[in-house]
Amino acid sequence: MKTTIQEQDGNLVAILEGRLDTAAAPETEKAMAPLYNSQGQNVIIDCTALEYVSSSGLRIFLGILKSVKPKGGHVYIKGISDDIRAIFAMTGFVNLFEFK
Amino acid sequence: MRNNVKLDPHGEELMQRYRDLLPTLEGLAREADGLLRQALREQGIYVTAIECRVKTEQSLAGKLELKGAKYKTIDDITDLVGMRVITFYTDEVDKVAAIAKRIFDIDWKESVDKRKLHQLDAFGYNSLHFICRLKTGGPRFELQMRTALQHVWSTIEHDIGYKGAVKIPNEYKRQFSRLAGMLELIDDEFSRLRTVLTDYRRQIQSLVKSGQLSEVPLSADTFRSYLDLKPFERLNRRIAAVNQAEVYPVSMMPFLPVLESFGLDTIGDVQQFIEENSEDAYQLALSQLAVTDLDILSSSAALQYLCLVYVLKHNGGREGLKSLYDTINGESDSNAILADMMLEQAETLPFMKGKTHEESM
Numbered sequence: 001m002k003t004t005i006q007e008q009d010g011n012l013v014a015i016l017e018g019r020l021d022t023a024a025a026p027e028t029e030k031a032m033a034p035l036y037n038s039q040g041q042n043v044i045i046d047c048t049a050l051e052y053v054s055s056s057g058l059r060i061f062l063g064i065l066k067s068v069k070p071k072g073g074h075v076y077i078k079g080i081s082d083d084i085r086a087i088f089a090m091t092g093f094v095n096l097f098e099f100k
Numbered sequence: 001m002r003n004n005v006k007l008d009p010h011g012e013e014l015m016q017r018y019r020d021l022l023p024t025l026e027g028l029a030r031e032a033d034g035l036l037r038q039a040l041r042e043q044g045i046y047v048t049a050i051e052c053r054v055k056t057e058q059s060l061a062g063k064l065e066l067k068g069a070k071y072k073t074i075d076d077i078t079d080l081v082g083m084r085v086i087t088f089y090t091d092e093v094d095k096v097a098a099i100a101k102r103i104f105d106i107d108w109k110e111s112v113d114k115r116k117l118h119q120l121d122a123f124g125y126n127s128l129h130f131i132c133r134l135k136t137g138g139p140r141f142e143l144q145m146r147t148a149l150q151h152v153w154s155t156i157e158h159d160i161g162y163k164g165a166v167k168i169p170n171e172y173k174r175q176f177s178r179l180a181g182m183l184e185l186i187d188d189e190f191s192r193l194r195t196v197l198t199d200y201r202r203q204i205q206s207l208v209k210s211g212q213l214s215e216v217p218l219s220a221d222t223f224r225s226y227l228d229l230k231p232f233e234r235l236n237r238r239i240a241a242v243n244q245a246e247v248y249p250v251s252m253m254p255f256l257p258v259l260e261s262f263g264l265d266t267i268g269d270v271q272q273f274i275e276e277n278s279e280d281a282y283q284l285a286l287s288q289l290a291v292t293d294l295d296i297l298s299s300s301a302a303l304q305y306l307c308l309v310y311v312l313k314h315n316g317g318r319e320g321l322k323s324l325y326d327t328i329n330g331e332s333d334s335n336a337i338l339a340d341m342m343l344e345q346a347e348t349l350p351f352m353k354g355k356t357h358e359e360s361m
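First to last, the protein sequences are chains C and P.
By the numbering used here, the letter at position 21 of the first sequence is numbered 21, and the numbering carries on one by one without gaps.
By the numbering used here, the letter at position 289 of the second sequence is numbered 289, and the numbering carries on one by one without gaps.
Among the clues, some could well be false.
[Stated by the list, open to error] Every beta carbon over 12 Å from chain C, so not counted as near; a handful from chain P, in silico:
1) A98
2) H158
3) P231
[Said to hold, decoys possible] Below, simulated EDC-like cross-link-like pairs (lysine to aspartate or glutamate); rule was C-alpha separation at most 16 Å, straight line:
4) P:K135 <-> P:E275
5) P:K313 <-> P:D265
6) C:K100 <-> P:D326
7) C:K100 <-> P:E331
8) C:K100 <-> P:D33
9) C:K78 <-> P:D33
[As the list claims (entries may be wrong)] To spell it out: a stretch of chain P is covered by chain C in this simulated footprint if at least three of its residues, at any positions, have a beta carbon under 8 Å from a beta carbon of chain C; those stretches are:
10) 7-21
11) 192-205
12) 300-307
In short, the hints are calculated from the structure, not lab data.
Every value quoted in this text rests on a predicted model; they were computed, and no experiment measured them.
The beta-carbon is built from N, C-alpha and C at its ideal position, and this holds for glycine as well.
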């Protein structure tokens, strides 16, 4: 699992590559720490190269949402595959996020 | 900064006292503003604006030039620090006043309720002015309390120069009075309407709580009250038990338009919808979640599965499912993919028996 954090056009962007499963979650969460500390910027989680997300991964996404929204920012999920979208749908979390 | 204002020696002396007092006045403004904001917050009173200012040297100079002789000492000028609270409703002016009485010492000799000064046959400027002092002492300051409409009246009156040097003919005075009367009526009507709506909400909440659900029309307010009864908790717990999942709280309000689109008119209809579809919603959730290790669910999961089952049972098919996803997730082409996946997975469930794939399409 590889996580890259970038700043693009004033947005904080996290590029996720690989399988975000329970084993990879702690390291990914650590790598995504700058997103939790955002100061009202929008956050884009680029999932174009993300192959799988587990409950632990969903918890990271929800944690980022909980931290970013009160500061006035939006969390966008970009390039999500149909299989991962189905995971968001079956757990009832689709409508919490904005998809690009 | 003073623009060509000539003060007499007494005026200059008062001005010098003002300059000496300025740091104290600025501290007073901060403290009074902070105290009032905190008290309003604690009492749950939301107002449109709270303004606080220290009188500028220019403004004071103008005042002293016009009526400096009226003030023996600087303490006689009571609006060196001025606060203004602008409320939404007329009754809130009285609530703010009650709070001000509690947190400040009020100089009753100088305070004016202009709302009570009107002649019986006159309308006009309505506002409540208190001259206050902090409980800890210090200079006096002015607190104005008025509604948003009273503020509009006052601002326009000031802009037009109603109280200026030129005498206004009676004909125009009458037009002003008509407008003031109209604003006063509107203010009272808004207050009355708010009271009526608050009573209505209470009645509905009590109907929901007493279980008379079929008499309660479905609306944002009533649905919110209904959610306090946690009507989806039992099904959520059942679904969560599939994977020993944690239930993450989210708002269920985005589902209200979906329920309305199903033709559910009352909270009783929603209750019936839950009772009729819970078992099938559980079976659908089970078929999806049991093959995963997902151990976190949103608290709207039960309601979402109930809605999916309803659409499937009523032959909504792909379009119905897409429309449901569009409503709760926002419109997107990818909702069609979710709809296709759902149709495929639901195909084998008992409640879909007798519904051919073609029918569903």
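Hints, one by one, checked against the model:
1. A98: 33 Å, holds
2. H158: Nearest chain C Cβ is 36 Å from H158 of chain P, so the label holds.
3. P231: At about 16 Å from chain C, P231 of chain P clears the 12 Å cut-off, so the statement holds.
4. P:K135 <-> P:E275: 60 Å, violated
5. P:K313 <-> P:D265: Outside the cut-off at roughly 19 Å; violated.
6. C:K100 <-> P:D326: 15 Å, holds
7. C:K100 <-> P:E331: 12 Å, holds
8. C:K100 <-> P:D33: Violated, because 45 Å separates the two Cα atoms, which is more than 16 Å.
9. C:K78 <-> P:D33: 46 Å, violated
10. 7-21: violated (count 0)
11. 192-205: n = 0 at 8 Å, threshold three: violated.
12. 300-307: Since three or more residues must qualify, the claim that chain C covers the region 300-307 of chain P holds, with 3 doing so at under 8 Å.
Checked against the numbered hints listed earlier, the structure breaks hints 4, 5, 8, 9, 10, 11; every other hint is satisfied.
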